[in-house]
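Peer 1: In terms of UniProt numbering, the sequence shown opens at residue 1 and continues consecutively.
These are calculated hints, taken from the structure and not from any lab test.
Built from N, CA and C at the ideal position, the CB exists for glycine as well.
One should not assume that every hint holds.
Label pairs and their computed distance ranges (CB to CB) [stated by the list, open to error]:
#1 Ser64 - Asp26: 29 to 39 Å
#2 Thr27 - Ser64: 32 to 42 Å
#3 Glu75 - Gly8: 16 to 26 Å
#4 Asp26 - Asp65: 25 to 35 Å
#5 Ser64 - Asn43: 25 to 35 Å
#6 Asp26 - Thr50: 12 to 22 Å
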Amino acid sequence: MARVDVRGEICPRPALIVRQALSDLDTGETLVVRGDYPPAEENLRRMCTTHGIDVTTAETAGESDEFELELQVTEMASLSEA
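Please model the complete structure; the sequences and the hints are all you need to start from.
Peer 2: Take a look at the structure:
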């Protein structure tokens with residue numbers, strides 16, 4: 001399972017980093033993304049939904065803005081170069 005840490009990054013960097021990491025994965029593989037910027041979480045969820053990537057929320061502790069998402073590449077995924 002691949003991992004990417006985008007804590008400390010603000011938009012659009014998290015989406016660019018995650019998109020690059022996802023493009024290196026094959027169907028069925030999972031990318032775990034850890035971040036701390038709420039607008040980035042919303043943007044990543046939207047990007048993944050649009051491009052056929054399954055998004056699951058991993059549990060996070062505390063009341064912080066940190067999040068962890070599990071992104072699974074599906075057969076329907078389309079992440080062509082932009």
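Peer 1: Does the Cβ pair Ser64, Asn43 satisfy 25 to 35 Å?
Peer 2: 19 Å, violated
Peer 1: Go ahead and decide if the range 29 to 39 Å is satisfied by the Cβ distance of Ser64 to Asp26.
Peer 2: For Ser64 and Asp26 the Cβ distance comes to about 33 Å; the hint holds.
Peer 1: Should the hint that Asp26 and Asp65 are 25 to 35 Å apart at their CB atoms be regarded as holding?
Peer 2: Check passed, 31 Å falls within 25 to 35 Å.
Peer 1: Using the beta carbons of Thr27 and Ser64, state whether their distance is inside 32 to 42 Å or not.
Peer 2: About 33 Å separates the Cβ atoms of Thr27 and Ser64, which means 32 to 42 Å holds.
Peer 1: The hint says 12 to 22 Å between Asp26 and Thr50; measuring C-beta to C-beta, is that right?
Peer 2: Given about 20 Å between the Cβ atoms, the range holds.
Peer 1: Can the suggested window of 16 to 26 Å be confirmed for the beta-carbon pair Glu75 and Gly8?
Peer 2: 34 Å, violated
The structure does not agree with the numbered hints 3, 5 stated previously, though it agrees with the rest.
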